[in-house]
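Work the whole structure out from these sequences, hints included.
Number of protein chains: 4
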Amino acid sequence: MVSHIGLVGLGKMGNNMRERLRRGGIEVTGYDPRPEVSDVASLADLVAALPADRRVVWVMVPAGDPTRGVVQELGTLLGEGDVVVEGGNSHYPEDQARAAELAERGIGYVDVGVSGGVWGLENGYGLMCGGDAGHVRTLMPVFDALRPEGPREEGFVHAGEVGAGHFAKMVHNGIEYGLMQAYAEGYELLEAKDIVTDVHGTMKAWMRGTVVRSWLLDLMVKALEEDPALAAIDDWVDDSGEGRWTVDEAIDNAVPLPVISAALFARFASRQDESPAMKAVAALRQQFGGHAVKPAQ
Amino acid sequence: MVSHIGLVGLGKMGNNMRERLRRGGIEVTGYDPRPEVSDVASLADLVAALPADRRVVWVMVPAGDPTRGVVQELGTLLGEGDVVVEGGNSHYPEDQARAAELAERGIGYVDVGVSGGVWGLENGYGLMCGGDAGHVRTLMPVFDALRPEGPREEGFVHAGEVGAGHFAKMVHNGIEYGLMQAYAEGYELLEAKDIVTDVHGTMKAWMRGTVVRSWLLDLMVKALEEDPALAAIDDWVDDSGEGRWTVDEAIDNAVPLPVISAALFARFASRQDESPAMKAVAALRQQFGGHAVKPAQ
Amino acid sequence: MVSHIGLVGLGKMGNNMRERLRRGGIEVTGYDPRPEVSDVASLADLVAALPADRRVVWVMVPAGDPTRGVVQELGTLLGEGDVVVEGGNSHYPEDQARAAELAERGIGYVDVGVSGGVWGLENGYGLMCGGDAGHVRTLMPVFDALRPEGPREEGFVHAGEVGAGHFAKMVHNGIEYGLMQAYAEGYELLEAKDIVTDVHGTMKAWMRGTVVRSWLLDLMVKALEEDPALAAIDDWVDDSGEGRWTVDEAIDNAVPLPVISAALFARFASRQDESPAMKAVAALRQQFGGHAVKPAQ
Amino acid sequence: MVSHIGLVGLGKMGNNMRERLRRGGIEVTGYDPRPEVSDVASLADLVAALPADRRVVWVMVPAGDPTRGVVQELGTLLGEGDVVVEGGNSHYPEDQARAAELAERGIGYVDVGVSGGVWGLENGYGLMCGGDAGHVRTLMPVFDALRPEGPREEGFVHAGEVGAGHFAKMVHNGIEYGLMQAYAEGYELLEAKDIVTDVHGTMKAWMRGTVVRSWLLDLMVKALEEDPALAAIDDWVDDSGEGRWTVDEAIDNAVPLPVISAALFARFASRQDESPAMKAVAALRQQFGGHAVKPAQ
Numbered sequence: 001m002v003s004h005i006g007l008v009g010l011g012k013m014g015n016n017m018r019e020r021l022r023r024g025g026i027e028v029t030g031y032d033p034r035p036e037v038s039d040v041a042s043l044a045d046l047v048a049a050l051p052a053d054r055r056v057v058w059v060m061v062p063a064g065d066p067t068r069g070v071v072q073e074l075g076t077l078l079g080e081g082d083v084v085v086e087g088g089n090s091h092y093p094e095d096q097a098r099a100a101e102l103a104e105r106g107i108g109y110v111d112v113g114v115s116g117g118v119w120g121l122e123n124g125y126g127l128m129c130g131g132d133a134g135h136v137r138t139l140m141p142v143f144d145a146l147r148p149e150g151p152r153e154e155g156f157v158h159a160g161e162v163g164a165g166h167f168a169k170m171v172h173n174g175i176e177y178g179l180m181q182a183y184a185e186g187y188e189l190l191e192a193k194d195i196v197t198d199v200h201g202t203m204k205a206w207m208r209g210t211v212v213r214s215w216l217l218d219l220m221v222k223a224l225e226e227d228p229a230l231a232a233i234d235d236w237v238d239d240s241g242e243g244r245w246t247v248d249e250a251i252d253n254a255v256p257l258p259v260i261s262a263a264l265f266a267r268f269a270s271r272q273d274e275s276p277a278m279k280a281v282a283a284l285r286q287q288f289g290g291h292a293v294k295p296a297q
Numbered sequence: 001m002v003s004h005i006g007l008v009g010l011g012k013m014g015n016n017m018r019e020r021l022r023r024g025g026i027e028v029t030g031y032d033p034r035p036e037v038s039d040v041a042s043l044a045d046l047v048a049a050l051p052a053d054r055r056v057v058w059v060m061v062p063a064g065d066p067t068r069g070v071v072q073e074l075g076t077l078l079g080e081g082d083v084v085v086e087g088g089n090s091h092y093p094e095d096q097a098r099a100a101e102l103a104e105r106g107i108g109y110v111d112v113g114v115s116g117g118v119w120g121l122e123n124g125y126g127l128m129c130g131g132d133a134g135h136v137r138t139l140m141p142v143f144d145a146l147r148p149e150g151p152r153e154e155g156f157v158h159a160g161e162v163g164a165g166h167f168a169k170m171v172h173n174g175i176e177y178g179l180m181q182a183y184a185e186g187y188e189l190l191e192a193k194d195i196v197t198d199v200h201g202t203m204k205a206w207m208r209g210t211v212v213r214s215w216l217l218d219l220m221v222k223a224l225e226e227d228p229a230l231a232a233i234d235d236w237v238d239d240s241g242e243g244r245w246t247v248d249e250a251i252d253n254a255v256p257l258p259v260i261s262a263a264l265f266a267r268f269a270s271r272q273d274e275s276p277a278m279k280a281v282a283a284l285r286q287q288f289g290g291h292a293v294k295p296a297q
Numbered sequence: 001m002v003s004h005i006g007l008v009g010l011g012k013m014g015n016n017m018r019e020r021l022r023r024g025g026i027e028v029t030g031y032d033p034r035p036e037v038s039d040v041a042s043l044a045d046l047v048a049a050l051p052a053d054r055r056v057v058w059v060m061v062p063a064g065d066p067t068r069g070v071v072q073e074l075g076t077l078l079g080e081g082d083v084v085v086e087g088g089n090s091h092y093p094e095d096q097a098r099a100a101e102l103a104e105r106g107i108g109y110v111d112v113g114v115s116g117g118v119w120g121l122e123n124g125y126g127l128m129c130g131g132d133a134g135h136v137r138t139l140m141p142v143f144d145a146l147r148p149e150g151p152r153e154e155g156f157v158h159a160g161e162v163g164a165g166h167f168a169k170m171v172h173n174g175i176e177y178g179l180m181q182a183y184a185e186g187y188e189l190l191e192a193k194d195i196v197t198d199v200h201g202t203m204k205a206w207m208r209g210t211v212v213r214s215w216l217l218d219l220m221v222k223a224l225e226e227d228p229a230l231a232a233i234d235d236w237v238d239d240s241g242e243g244r245w246t247v248d249e250a251i252d253n254a255v256p257l258p259v260i261s262a263a264l265f266a267r268f269a270s271r272q273d274e275s276p277a278m279k280a281v282a283a284l285r286q287q288f289g290g291h292a293v294k295p296a297q
Numbered sequence: 001m002v003s004h005i006g007l008v009g010l011g012k013m014g015n016n017m018r019e020r021l022r023r024g025g026i027e028v029t030g031y032d033p034r035p036e037v038s039d040v041a042s043l044a045d046l047v048a049a050l051p052a053d054r055r056v057v058w059v060m061v062p063a064g065d066p067t068r069g070v071v072q073e074l075g076t077l078l079g080e081g082d083v084v085v086e087g088g089n090s091h092y093p094e095d096q097a098r099a100a101e102l103a104e105r106g107i108g109y110v111d112v113g114v115s116g117g118v119w120g121l122e123n124g125y126g127l128m129c130g131g132d133a134g135h136v137r138t139l140m141p142v143f144d145a146l147r148p149e150g151p152r153e154e155g156f157v158h159a160g161e162v163g164a165g166h167f168a169k170m171v172h173n174g175i176e177y178g179l180m181q182a183y184a185e186g187y188e189l190l191e192a193k194d195i196v197t198d199v200h201g202t203m204k205a206w207m208r209g210t211v212v213r214s215w216l217l218d219l220m221v222k223a224l225e226e227d228p229a230l231a232a233i234d235d236w237v238d239d240s241g242e243g244r245w246t247v248d249e250a251i252d253n254a255v256p257l258p259v260i261s262a263a264l265f266a267r268f269a270s271r272q273d274e275s276p277a278m279k280a281v282a283a284l285r286q287q288f289g290g291h292a293v294k295p296a297q
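The listed protein sequences correspond, in order, to chains F, P, Y and S.
Take the first sequence: its letters are residues 1 to 297, numbered as in the UniProt record's numbering.
Take the second sequence: its letters are residues 1 to 297, numbered as in the UniProt record's numbering.
Take the third sequence: its letters are residues 1 to 297, numbered as in the UniProt record's numbering.
Take the fourth sequence: its letters are residues 1 to 297, numbered as in the UniProt record's numbering.
Do not take every clue at face value.
What the hints assert, rightly or not - What the simulated footprint calls covered on chain P by chain S, stretch by stretch (three residues with Cβ under 8 Å from a Cβ of chain S suffice, anywhere in the stretch; the number is not a length):
#	region
1	22-28
2	32-41
3	138-145
4	148-154
5	210-216
6	240-247
7	272-280
In short, the hints are calculated from the structure, not lab data.
Even for Gly, the Cβ is constructed at its ideal location relative to N, Cα and C.
Laid out in C-alpha cells, this is it:
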C-alpha cells in the first residue's frame with residue numbers, strides 16, 4: 001500500500017491536495033517550478049525522493065501541453081512497477097494513448113477525475129478513477145485521504161479501465177453545466193416578475209426540504225447574500241473545455257443532449273460582443289417585412 | 001360573388017392590398033383615420049358605400065385593441081348576411097370569440113392569415129382562411145385578386161373553421177422563426193472559419209440546385225449584397241408575438257418544439273443588455289471554483 | 001397566533017401534512033369526501049369546528065376545478081377576518097382572482113407552494129408563500145410545524161404578494177425539470193460508453209465532495225440501487241403542468257429558457273408513440289435524396 | 001481548359017453526374033468496380049485514357065475509407081500537373097491532409113461539395129469548391145456543365161482554400177437539418193389542432209407568396225400528396241454525419257448553434273427504441289413524488 005507519493009503541480013488545487021494528503025497521514029514530496037512552494041528542485045529529485053520499490057507520482061498540472069510534458073518526462077525517470085496518476089483534466093483519449101506508451105516501459109497509469117474546487121481541502125474531493133484494479137487497490141490510502149468523510153463509495157469510484165475516470169469527470173462537468181443553467185434560468189424568471197419581492201429569500205427557502213436542494217443552490221444563495229442583485233458581476237461565462245467534450249462525445253455516441261448543449265451554447269453566446277447570427281436574422285426581417293432594425297452601435 | 005369590398009386600415013400592408021385588389025378588378029372602398037389616404041370619412045360612410053345586399057368589410061389594422069375596436073364598431077353597423085374579414089394578425093381564440101358574437105346578429109366572420117410582407121403588392125399574398133364554406137366561396141374573387149399567380153391552391157387555402165386561418169398563419173410564422181435562425185447559425189459558422197474566404201458567394205451559390213434554396217435564402221443573399229458584413233445592422237431582433245403564440249400552443253398540445261422555441265429564445269436574448277441568468281452562472285462558477293469572473297462594466 | 005386549523009383534502013400530501021402538523025403541536029380538523037380519513041362530515045362541519053375568532057382553512061386538493069370548488073364554498077362559509085390558505089398547485093393568476101373575490105367578503109387569502117413530496121412527513125416541507133404580511137405572521141406556527149428543521153429562512157419564505165408563493169413554486173418546479181434532465185442526460189452518456197463499467201458506482205461517488213451533489217442525485221443513486229439498469233421502468237414521463245406554466249411565463253416576460261423548455265419538450269416526446277415531426281423529416285429526406293426510410297410498423 | 005475527365009464511382013450520384021456532364025459536352029471516362037456500369041476495367045486504365053497533358057480525376061465514392069483508398073491509389077497513378085477533385089462528402093480536415101500529401105508529388109487537389117441529390121441530373125447540382133484558383137479556373141467547363149442553369153454564381157462558388165468546399169457543404173447540410181425540423185415541427189402542430197381540417201392544403205398554400213416558400217416546402221407538399229398522413233413512413237431518421245460535424249465545428253469555434261443541434265438531437269432520439277435518459281427522469285419522479293411510472297413493456 002502506498003504511503004508516500006510525489007505530487008507535481010502545486011497551484012491552487014495541487015497545494016490544497018498536498019495539505020489534505022498530509023493531514024491524512026500520507027507523506028508527500030511536492031514539485032513545482034516555483035521554488036517557494038516546491039519541496040524539491042526538479043522532477044528528477046522528486047522521483048529520487050520516493051520509495052524505490054514502487055514510485056507513485058500524482059500529476060496535477062494544467063491539461064494539454066503542461067500535462068503532456070510532465071508525463072513524458074516521468075516516462076523517462078520512472079520504470080517497471082511505478083505508477084503515474086493523472087489527476088488533472090485530461091481528455092480521456094489522451095489517457096488511453098499515454099497509458100499505452102508508459103505500459104511499454106512497465107509503468108502503470110491511473111487517471112483520476114477530481115471534483116471539489118477550492119472547497120476540497122476542507123470537504124474532501126470527489127474522486128473518479130480509471131485503470132488497472134491492482135494499481136487502484138495500492139493507491140487506496142491516497143484516495144482515502146483525499147476523498148470526503150463518509151462511506152468510501154459516496155466519494156470515490158473505480159469507474160472502469162484507463163480513461164474512465166476522466167470520462168466520468170467530463171460527464172460530471174457536463175451535468176454541472178446543465179444544473180447551473182437551470183438554476184440561472186429560474187433566477188432570471190423570478191427576477192423578471194414584480195410580484196416576487198424577495199428573490200434571494202425565495203432561493204434560500206429552497207435549501208431544505210425541497211426537491212431542488214443541492215450544493216449548487218447553497219452557493220447560489222451565498223452569492224446572492226454577498227451581492228443581492230449580482231451587480232458586481234458580468235454576464236460573461238467562460239467554459240473550461242469539458243462541456244465541449246461532453247457534447248462532442250454525445251454526438252459520437254448519438255446520445256441526445258438538449259439540456260447540456262443548450263447550457264454550453266448559452267456560455268458561448270454570453271461571450272459575444274455581438275451575435276453574427278442575430279444580425280443575420282435582423283437583416284432577414286428587414287428584407288421581407290420592412291421591419292425596423294436597430295442600426296449597429 | 002363579391003366584387004366590391006370595404007377595407008379598413010390603409011397602412012403599409014392595407015394600402016398595398018387596396019392597390020392589388022383594384023388591379024385585380026375588385027372595387028375597394030378604403031377607410032383609415034388619416035384622411036390623406038382614406039376614401040371615406042368614417043367607418044359608417046364606408047359601410048354605406050357598399051352594395052346593400054351583402055356588405056363585406058376586410059379589417060387590416062394592428063392586432064389587439066385596434067382590431068377589437070374596429071370589429072366591435074362594425075358589429076353595430078353591419079347586419080344579417082354581411083361579412084367581416086379579419087386579415088390582421090389576431091390570435092385565433094379572439095377570432096372564435098368575435099365570430100360567436102357577430103353570429104348572434106347574423107353577421108359572418110372569416111379570418112385570413114396574410115403572408116408576403118412588402119413584396120405582396122407585386123408577388124401576391126399567401127392566404128390562409130378559416131370560416132364558413134359559404135362565406136369563403138363568396139369571397140373567392142377577392143382572394144383570387146390578392147393571391148399570387150399560379151394554381152390557386154399554391155397560394156390560398158380554406159384551412160378549416162373560424163380561427164384556422166390565423167392558426168395556420170401563426171404556425172407559418174413559427175416555422176419562419178426556425179428557418180431564419182437555421183440560416184443565421186450557418187452564416188455565423190461560415191463567418192467564423194478563416195478557410196472560407198467568400199461567405200456571401202457561398203450563400204449565393206446555394207440559390208439554385210441545392211436543398212436549402214428558398215425565398216429567405218434569396219433575401220439573405222440580397223442583404224449580404226447590400227452590406228457584406230452586415231456592418232450597419234444591430235444584433236437586436238424583435239418578435240411580433242406570433243412566435244410566442246406558436247410555442248404557447250405547442251405547450252398546450254404537448255407538441256415538442258425544440259427548434260422553433262430555440263429560435264424564439266435567441267431573439268429574447270438578443271434584446272438583453274445583460275443576461276441575469278448568465279450573471280448567475282458566472283457567480284456560481286466563482287463560488288465553487290474560484291474561477292475568474294469579469295467585473296460588471 | 002394560529003394553533004388550530006382546518007385542512008381540506010386528505011390525499012397522499014394532505015394526510016401526511018395533517019400528521020406532521022399534529023406532531024408539531026398544531027390542532028388540525030381535517031375534511032375529505034372519503035369518510036374513512038375525514039375528521040368531520042362536511043366542509044360546513046369543519047368550519048364550525050374551528051375557533052370562531054379567526055378561522056383558518058388550508059386547502060390541499062388537486063389544482064383546477066377541485067380547488068376552485070372548495071375555495072368557492074369556503075367563501076360562503078367563512079367571513080370577515082378568516083383566512084383561506086391555498087396549499088395546492090394553483091396557477092398564480094387564479095390566486096390573484098380568488099384573493100380579490102374573497103377580499104370583498106373580508107376573507108384573507110394566502111397561497112403557499114409546498115415542496116417535498118412523499119418525503120415531507122419526515123423531512124419537512126419547503127414552503128413559499130404569498131399574501132398579506134399580517135396573515136403570514138399569524139400563520140407562522142403552522143408554517144413552522146410544516147417546514148424542515150433548521151433555520152426558518154432555509155425552508156420558508158414570504159416571497160411577495162398574493163400569487164408569489166405559487167409563482168415561486170412554479171419556478172422551483174421548472175428548475176427541477178432542468179436538473180432532472182441534466183442528470184438523466186449524463187446518465188445516458190455514461191451508459192453509452194463501454195469504458196465506464198460502473199455507472200451506478202460513478203453516480204454514487206458524486207454524492208460527497210463534488211459540484212453536482214444534491215438531493216436529486218441521492219435519489220438517482222437510490223433508484224439505481226433498486227434497479228441498476230432501470231429495467232423495470234418505462235421511458236414515459238408525465239408532466240404536472242407547472243413546467244408548462246414556467247415556459248409560458250418565460251415567454252410572457254421575454255426570458256430565454258433554453259434548458260427548462262428543452263426538458264419539458266423531452267417529456268412531451270417521451271409520451272409519443274410516434275413523432276409526426278420525425279415522420280415529416282424522414283419523408284423530406286426520402287423526397288430529396290432517395291434516402292432509405294423505414295416503413296411504418 | 002478541361003474537356004475530358006475521369007470519374008470514379010458510378011453509384012446513384014456518380015452515374016447521374018456522368019450523364020449530366022456528357023449532356024453538357026464534357027467527355028467522361030467513368031470507373032466503377034461494377035463492370036456493368038464502368039467504362040474501363042481499372043483505375044489505371046482510367047488514368048491511361050485521359051489526355052496526358054493534364055489529367056483530371058473526379059472522385060465520387062462514399063466518404064471515409066473508400067475515398068481514402070481511391071485518392072491514395074490516384075496519388076501513385078497521377079503526376080505533376082494532374083488534379084484530383086474530391087466530390088464526395090469528405091470531412092474538410094481530410095481534404096487538407098490529402099492535399100498536402102498529393103502536393104508533394106505535384107498533384108493538385110480541389111474539394112467540391114455537391115448538393116442536389118436525385119434531382120441533380122435534371123436541375124443541376126449546387127457546387128461549392130475549395131482549392132487553388134488556377135485549378136478552379138481550369139475546371140470551370142466541368143463545373144458549368146454540372147451546375148444549374150442561370151447565373152453561374154447562383155449555383156457555384158469558389159469558397160476558399162482547400163477544405164472550404166466541403167466546409168461550405170457541411171454548413172449547408174447543417175442548415176438543412178434546421179430547416180427540415182422547422183417545417184416538421186410546424187406540420188406536427190397543424191396536425192395536432194382539430195380546427196385545422198386541411199393540413200396538406202395549408203402547407204400547399206404556402207408554396208407561393210409566403211415567407212416560408214422553399215424547395216423543401218415543395219417536397220413536403222409532394223410527400224403529403226403521395227401519403228396525406230405519412231402513414232407509410234416510420235418516424236426513424238438517419239443522419240449522414242455532416243450534421244454532427246457541423247455541431248462539432250461550432251463547438252470548436254464557440255459558435256452557438258441551438259437550432260441545428262436541436263435538429264440533430266431530434267434525429268438521435270428518433271432512432272432510440274427507448275430513451276435511457278427519460279427512464280432516469282421517470283425513476284427520479286417516482287423516487288421523490290411517488291409519481292406513477294409505466295412499467296417497462
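**Asked** For the region 32-41 of chain P, do three or more residues have a beta carbon lying closer than 8 Å to a beta carbon of chain S?
**Response** It is violated, with 0 qualifying residues against the three required.
**Request:** Go check the region 148-154 of chain P versus chain S for me, would you? Three or more residues, Cβ under 8 Å, otherwise it fails.
**Result:** Contact hint for the region 148-154 of chain P vs chain S: holds, 5 residues under 8 Å.
**Request:** Closer than 8 Å, Cβ to Cβ, for at least three residues: run that test on the region 272-280 of chain P against chain S and report holds or violated.
**Result:** violated (count 0)
**Assertion that chain S covers the region 138-145 of chain P - criterion: three or more residues, beta-carbon distance below 8 Å** = Violated: only 0 residues of the region 138-145 of chain P have a Cβ under 8 Å from chain S.
**Prompt:** Can the region 240-247 of chain P be counted as covered by chain S under the rule of three residues or more with Cβ-Cβ separation shorter than 8 Å?
**Reply:** It is violated: at least three residues are needed, and the region 240-247 of chain P offers just 1 whose Cβ sits closer than 8 Å to chain S.
**Asked** For the region 210-216 of chain P, do three or more residues have a beta carbon lying closer than 8 Å to a beta carbon of chain S?
**Response** holds (count 7)
**Message:** Under 8 Å between beta-carbons, do enough residues of the region 22-28 of chain P, three at least, approach chain S for the coverage claim to hold?
**Reply:** Violated: only 0 residues of the region 22-28 of chain P have a Cβ under 8 Å from chain S.
Comparing the model with each numbered hint stated earlier shows that hints 1, 2, 3, 6 and 7 do not hold.
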